[in-house]
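J.: Residue strings, one per chain:
Protein chains: 2
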Amino acid sequence: MPEALEKVFGIIRGSAVSQNPIIAEGLKGLFNGNGKLLRPGLLLLAAQFGKLREKHYQIAAALEMLHMATLIHDDVIDDSPLRRGLPAIHTRFGRQDAVLIGDFLLSRCFLLTAEYTSPQNALNLARLISIICTMEIEQNNDRFKSNISRRSYLRKIMGKSALLFSLACYAGAYEAKASREICERLRRIGYNIGIAFQIIDDILDYSGNQDSVGKPLGNDITAGLITLPVLCALHLDNSGTLRDIFSRPAFTPEEAKLVFTLVRSSGGVEAAGKYAETYTNRALREISSLPPGKNRDMLNMLTKRLLIREA
Amino acid sequence: MPEALEKVFGIIRGSAVSQNPIIAEGLKGLFNGNGKLLRPGLLLLAAQFGKLREKHYQIAAALEMLHMATLIHDDVIDDSPLRRGLPAIHTRFGRQDAVLIGDFLLSRCFLLTAEYTSPQNALNLARLISIICTMEIEQNNDRFKSNISRRSYLRKIMGKSALLFSLACYAGAYEAKASREICERLRRIGYNIGIAFQIIDDILDYSGNQDSVGKPLGNDITAGLITLPVLCALHLDNSGTLRDIFSRPAFTPEEAKLVFTLVRSSGGVEAAGKYAETYTNRALREISSLPPGKNRDMLNMLTKRLLIREA
Chain A
1 MPEALEKVFG
11 IIRGSAVSQN
21 PIIAEGLKGL
31 FNGNGKLLRP
41 GLLLLAAQFG
51 KLREKHYQIA
61 AALEMLHMAT
71 LIHDDVIDDS
81 PLRRGLPAIH
91 TRFGRQDAVL
101 IGDFLLSRCF
111 LLTAEYTSPQ
121 NALNLARLIS
131 IICTMEIEQN
141 NDRFKSNISR
151 RSYLRKIMGK
161 SALLFSLACY
171 AGAYEAKASR
181 EICERLRRIG
191 YNIGIAFQII
201 DDILDYSGNQ
211 DSVGKPLGND
221 ITAGLITLPV
231 LCALHLDNSG
241 TLRDIFSRPA
251 FTPEEAKLVF
261 TLVRSSGGVE
271 AAGKYAETYT
281 NRALREISSL
291 PPGKNRDMLN
301 MLTKRLLIRE
311 A
Chain B
312 MPEALEKVFG
322 IIRGSAVSQN
332 PIIAEGLKGL
342 FNGNGKLLRP
352 GLLLLAAQFG
362 KLREKHYQIA
372 AALEMLHMAT
382 LIHDDVIDDS
392 PLRRGLPAIH
402 TRFGRQDAVL
412 IGDFLLSRCF
422 LLTAEYTSPQ
432 NALNLARLIS
442 IICTMEIEQN
452 NDRFKSNISR
462 RSYLRKIMGK
472 SALLFSLACY
482 AGAYEAKASR
492 EICERLRRIG
502 YNIGIAFQII
512 DDILDYSGNQ
522 DSVGKPLGND
532 ITAGLITLPV
542 LCALHLDNSG
552 TLRDIFSRPA
562 FTPEEAKLVF
572 TLVRSSGGVE
582 AAGKYAETYT
592 NRALREISSL
602 PPGKNRDMLN
612 MLTKRLLIRE
622 A
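Chains as they are written, first to last, in our numbering: chain A, 1 to 311; chain B, 312 to 622.
This is chain A alone, in the form it adopts within the complex (with noise of 0.2 Å):
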């Protein structure tokens, strides 16, 4: 892990720290050097453009802080057993002491944010947790309907995923005191990388590798979520027998194996790609209009691995 990155987990270690055995195990297990820091990486890559200062790495923490505090508390609320190819915290913990650890580690994260950044930062990550907690609130609602559209899937990502990239963005540069010009675009930047980087783990879901993806596949449909694969599977449904058993409230989990055959086999995968493309794309071409040099060339690169994974 390059140095930069090394030293966002530093900070990370020394503040989501506890006295508590059980939170300190818990909290252990998450920042092991298991995640990627993406939303960091991006943060310290967009400061480039600007003055790289002390306060990014801990913005750059307080957001991948953020980041895992969200999982927590999803994988409680999906009842997923893995992250990371590693038990999740509800598995180990119980879901009790998992939301209280979400909790903590959300209080965390606006220690350092209060502690160290400008008020700016504070408000704005306020204000996206509000958001990601709607949008999971609506795609919670929305299991097991077929008829939502892909509009509304496209909304949903954007709260609960893009934003948090976006942010990460803008904020490096930000802080950095880059141009307003520069701060906006890396904002566009962002939230296309994000968009692109949601689909394609939704659609990692059907046809990852599940070593690579450290969760069984085929989870996200065994809940009922219905993401964008399927959507353009239903789209391209024309016998009808996957809307047939969409046509139900819920399904058994034989009809979810059966709706991930189908998803695969009916070019459903294939066509969510398509989307993936098309916001890579637009990442790429923003990415290609900053100032020249060895930061462009890097968030290129950093952008193609991240979403041109399966090339």
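A portion of the hints provided could be inaccurate.
If you want the ones that stay clear, here's a sample from chain A, every Cβ over 12 Å from chain B, calculated [as the list claims (entries may be wrong)]:
1. 29
2. 239
3. 271
With a Cα cut of at most 25 Å, we get these calculated DMTMM-like pairs of lysine to aspartate or glutamate [as the list claims (entries may be wrong)]:
4. 339/B / 138/A
5. 55/A / 138/A
6. 294/A / 54/A
7. 177/A / 426/B
8. 28/A / 453/B
If you are wondering where the hints come from, they were derived from the structure by calculation, not from laboratory data.
Every residue, glycine too, gets a C-beta built ideally from N, C-alpha and C.
Given chain A's structure and the hints, the job is docking chain B onto it.
T.: For chain B alone, kept in the frame of chain A given last:
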């Protein structure tokens, strides 16, 4: 309700707002005027020992929102069906949305704090949430354990309840630019009120009137929570009947009922009441050292009404 608290309510209603129908509906029930706004009330009273400012209302609202958010998560964790006599959020919207509505409210509380108050308040608030979570986890971990000390009980209720009262009193005085001596005195007053308040709350689960408590009695022991009345009853348990039940790793609902009866008949409730009295008297003694006047009289009256509820 006094005008000042109406104003706090207005800020909460304006701040904890959402376009999402589930969040909107969930929050509406929370802030329907059924709450007593104790913490905001104390904060505003404490502010009168300096200069009451507009932002006091915002901080008061933030503290109440923090309190409500922790209650939502508490009810999920304890699986309590009722809150203030009405169905708890998770009873109405399911556990998943309840976790998220709690997170949403927490983020709104931070938004308000970041927007209107001094950075010091944001820090204090974030630290407080860390402590509340930690103590809730300890409490969870101590379920069905009868060998915990009264000292350990007091430490837990300090973290999960008293510090919020303490922060309310302190922040009120601090933001009003009261003298350091008065700020510190009010911090101690809030602390003692908070400890007494929580002990009384725990007592009421054994001896209260179900209608005024707003939830069924005996909830705590059914959930395995060993509160002060139980610890006092165990201390008074010469026959060993109570200790016998606790020698098992957990107990059945029937055994929980038996514990409930034994705690009431053994004098455990009265002995716990003595503790509440001690902390109430400490608060009243500190209050009597505040500058005399209408504000001191009101704080004195409020404390008596709050903590000598049964009298």
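J.: Which hint numbers does the structure go against, in order from smallest to largest?
T.: 5
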